[in-house]
Structures are given as C-alpha cells and as structure tokens.
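Chemist: Now for the letters of each chain:
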Amino acid sequence: MSTPMVDVHGVHKSYGSLEVLRGVDLKVQPGEVTVIIGPSGSGKSTLLRSINHLEKIDRGYVAIDGEFVGYRRSGDRLYELRERDILRRRTQIGFVFQNFHLFPHLTVRENVTEAPVSAQGRPRDEVEALTTELLEQVGLSGKADAYPRQLSGGQQQRVAIARALALRPKVVLFDEPTSALDPELVGEVLEVMQALARGGTTMIVVTHEIGFAREVADTVVFMDAGQIVEHGPPGQVLDRPGHDRTRAFLSKVL
Amino acid sequence: MSAPAVLEETAAESAGSLTVVKARHPGRWIAGVVVAVLLAMAVNALVTNPAWDWPVVGAYLFHPSVLHAVLFTVELTALGIVLGFLLGTVLALMRLSRVPLLASAAWGYVWLFRSVPLILQLLFWYNLAALYKQISFGVPFGPAFFSVDSMDLIGPVTAAALGLALHQAAYAAEIVRGGFLSVDPGQLEAAAALGIPRARQIFRIQLPQAMRSIVPAAGNEIIGLVKGTSVVYIMALPELFYQVQVIYNRNGRVIAMLLVAAIWYLVLTTVLSGVQHYVERRFGRGLARALSPTPAQRVRRILSVRRAARRQRPAWGGGERR
Ligand SMILES: Nc1ncnc2c1ncn2[C@@H]1O[C@H](COP(=O)(O)OP(=O)(O)OP(=O)(O)O)[C@@H](O)[C@H]1O
Ligand SMILES: [Mg+2]
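If you read the protein sequences in the order shown, they are chains R and V.
Going left to right, the first sequence walks through residues 1 to 254 as full-length UniProt numbering numbers them.
Going left to right, the second sequence walks through residues 1 to 322 as full-length UniProt numbering numbers them.
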C-alpha cells in the first residue's frame, strides 16, 4: 500500500495525571473519509488537535503524507521543530472548529485569503481567484464582503470550511462541525462536506451525525476512554458492532 | 377602559391609516424646566458678574504666549502618549511572552513606575543630571565605550517628555495587556491552526480585536495626560498652566487667566473625545451587527425626525428609518 495520508502511531497524551490518549493507531489513505464517534470525554478532540500539533503528544508520532508534523527525524532521533517550522507544516492540515472561530474583524473574503497569503506566501491574485471559487463552492458567493457576525451559524461554518480549504491542505480535520448549529442549519453544512468527500478530499470528521457517517464515511472509528475500540466500514461498525461498548454507545445515540 | 379592544379591531383592518399619539411624560417636562432655570441662572452669573473679567479672557485667549503654551501642552501630551503606548505595548507583549525573564522584567517595570508619584519621577529625571554627571555606554562594571554629558542629553524638555512617557508606559502596558486578554483564545488557536506566523497572529488577528477594549481606556489616559501635563509647571516649562500663572503674576487677573486655561483644556479634551469616537467606530467594524451613528449622523437624524414630525406622518409609515 502507498504511504497513508495520515499516520497516527502509538500516540499517548496526558493532562497531568489524566491519560487522555492511551496508544492510538490510525491510518487514513488519500481521498478517504474517516468518521470518529465516541462518548464525550473519550479524547476525540484531543486526537484531532494532536494530529495538527495544537497539542504536543507524550509518546508515538503523527505523520502527514510521510512527514512528521512537529518533529524532524534524523537517524533514530526526533528533533522538535521551532514554532515557525511547525506553523509552516501545519498549513498542510485544514482544521474546522465546532465554534467556527472566524476572525470577526475581517470580512469573509479576508478570512479566507489571510492564511494562504501570510502563512504560505502564495501570490495574492491566485489566492483571490481561489477564494471566489471556494465561496461559490460553499454557496456563499454573495457574502464575500460581509462580516462573520452578519451571517447565520451555518453560513459561518461554511466560510470556515472555505478558509480551511484555501490552504489546499492534504487533509481536513473537522471537530464536531455541526454541534453548535441550530438543527435546521446542520443540513447545509453536511451537504458541503459530502460534496468535498465526493471530490476526493481526505477528511477526518468527529461528529455525532450517525446518518452522515453511514452515508459518507469510508471508515468509522469508535473511540472510548482514550483508545480506538473498533474501526471498519460504516456498515460493520454501525450495524454489526463487535464490542459491547460500541453497542452501548450506539444504542444511546441512534 | 375599552380602548385596547377598539385598537385591536381597527388595527386588524387598517393599521396604516391610524395616527399614533405619543405617551405624555409630565415628570420629564418638570425636570427639564428646573434644569433650564438653573442653567439660565448659572449663565447669568457667569456673564453679568464683572469678577469674571470676560474682556481680559477675550484678550488673552488667543494671545501668542498662550497659543505657544497650548501648542507645547499638545506636544508634551503627544510625546507622552505615543512613546508611552509604544513602550507600553512592548511591555505588554513581554508580560504575555513565554520567556519568564521578559515577563518578570515587565512586571517589575509596571510595579515601579506605577508606585512612584509622577511629580516625584519628573523631579527625579530633572535632577538626574546632578546624580550622574556622565552617562556612559559599555559593559556593566567594566569599561565604557563612549559617554555623554547628561546635561546635554536630558534638558528640561526631554526630562518632562521622558518622565511623562515612562510613567504613562506603565499604565499603557496594563491597558494593552488587558486588551489582549479580552480576545477570545479561540482566535489565537484558529490562527495557529491556519499556520499564520506568530507576529502576524499578534498584529493582524489579536491586536485589532484588543483595540476595542484598549481604545476607550486609552482615551481616558490621553485626556488625563492633557491635564496631567500641568504638573510639569514645577520644572518651569512653558506649558499652558505655567504660562497663565506667569501672566496672572504679572497682571493680577487670576480668575480670568485660569478661565483662559480652563477653556483651552476644554477645547483639547472635546477634540480628543470626538477623535476617540471615530477611532472606536473604526475598530468596531464587524464586531457589532450595525455601527453606532457618528455625532454628525446623530444630529442629522434628530433634524430629520423633527421635520418628519412636523409633517405629521404616522410613526408606522416611518419603517424605512431605524
Ligand atoms: N487542556 C486540558 N487540560 C486538562 N484536561 C483536558 C484538557 N483538554 C481536555 N481535557 C480532558 O481530556 C479528556 C478528553 O477531552 P476531549 O475534548 O478530547 O474529549 P472529546 O472526546 O472531544 O469530548 P466531546 O465529545 O465532549 O467533545 C476530557 O476528560 C477532558 O476533560
Ligand atoms: Mg470534543
């Protein structure tokens, strides 16, 4: 098999004495959509944040397309990178937050163009053209000059998705992208994500939307207490789970 | 009373043709009249009592020596604020940095310069020349590379500007730090997740949002400093307050000259308040759904409402105006 796009290997992470990730292994192939489900506090957000090095891990490694995010390998040693280099590597990973975290003082267009220009040093013309294209893709062509506070939650989250895509990332991570939305706005965001998946974007999605997992995911991962309990195609994990813990969780959310 | 029932019936059929009668507020009227009478009494006392010496006020308000003093006050304020906030921003960033030594140095600075009264600091800088005859640059306790006479370096004007700026920096540092702390940490996290370089995170993402709480506090500081510059009169510098003292010591018109100074301080702070309003609007962009009106817009709106009221339009027809 080719190098996986995302390779999480033996990752451990503790906050003080609380061990939040206890040896997580996860591989995501290019173009694949992986959905992570699991009870609150099981470490899903921590895992996503470890993948793009927003959290430093204690043991194990994370590689994106064969390259470590926070470290440089030389022989059998890993050297921690300086913040500047970590920031540069991070632009290969898009991140969509539960609460959008758009920059409120910048217009929609400025939100999207900021990082490609300042972090990746790409020419402004190219980025502006891409922004127009991306805003169209998420159905917000008319809102380029609006400020985030003037948009609905669903529109804000779609801007956040466009902002992540503008980096042309190798993988996009979604941490409960629809959990802060009113029920009637969830659909519009999931539709955009489904279109992305069809277009071949590699994605890791933490969500409680089991319907989305069933329809869009190539792999569903069930996490509990800092470990991956089981993973496989949605039909298997969601309909014929092999573990009692998965079954107990699914009976609560379905 | 049956009025609500009647209103309900007719509202359903032809709301647009109804005339709205505004609620009456007799209490407001009485309070308004009382205040107006008091104001008239105050104006009368100010204008008719010869002790106020208005002709002398008029003669000196634009007197060249007074205008020079006003200009010097403005310069001192500008120097104090600009240098103070530049140094203050550096101190705030040091305080928020992850380097413990930088953070404690900034803390120490703020502690020291906020604790010692301004007037004492000014006298201290003024007399520094006496304390250190020479200021030399070199290795601490070791050889000096070059040295200058401190009298040349710190004249009274420099001492005053330096004293005001260093003192102001301590307060500015806390204001700027507070501004940064008021920004949602999620903003920094999003910027980091996007890989935006550290300096850009601070100046493009955090600072503009921090400005929303920095500007009102900074406005206070600037207005405080306009008046605060009057303490440098102890160094016999020709700022506004010192200058009017010089004049009334000569001509004996104390009240009139104090009025001249008061009028100028009023003018300066009024201008600054106006500027502050526009700066706040500038940094409020995108942070509120609609911008608050500028004073000019507010005046225009009041006038247009008056005009509309004269034409007796029913309020329901005024839907185009917010
Ligand atoms: N910065 C932190 N300091 C200490 N503990 C933390 C920190 N962040 C997370 N935790 C703890 O780590 C555990 C896992 O948190 P995490 O946010 O990864 O869970 P999650 O699976 O995303 O849950 P949810 O579905 O509620 O979002 C929780 O017990 C949480 O309290
Ligand atoms: Mg979470």
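Hints in this document: simulated from the structure, not taken from any laboratory.
Keep in mind the model is a prediction, meaning the values are calculated, not measured.
Among the hints, a few may not be true.
Claimed, not checked - Short derived list, chain V residues pointing at chain R, Cβ under 7 Å:
hint : residue
1    : Ala190
2    : Ala193
3    : Leu194
4    : Gly195
5    : Ala199
6    : Ile202
7    : Ile205
8    : Pro208
9    : Gln209
10   : Arg281
The beta-carbon is built from N, C-alpha and C at its ideal position, and this holds for glycine as well.
Chemist: Which earlier hints can't be squared with this structure?
Modeler: Hint check: 5, 6, 10 fail, others pass.
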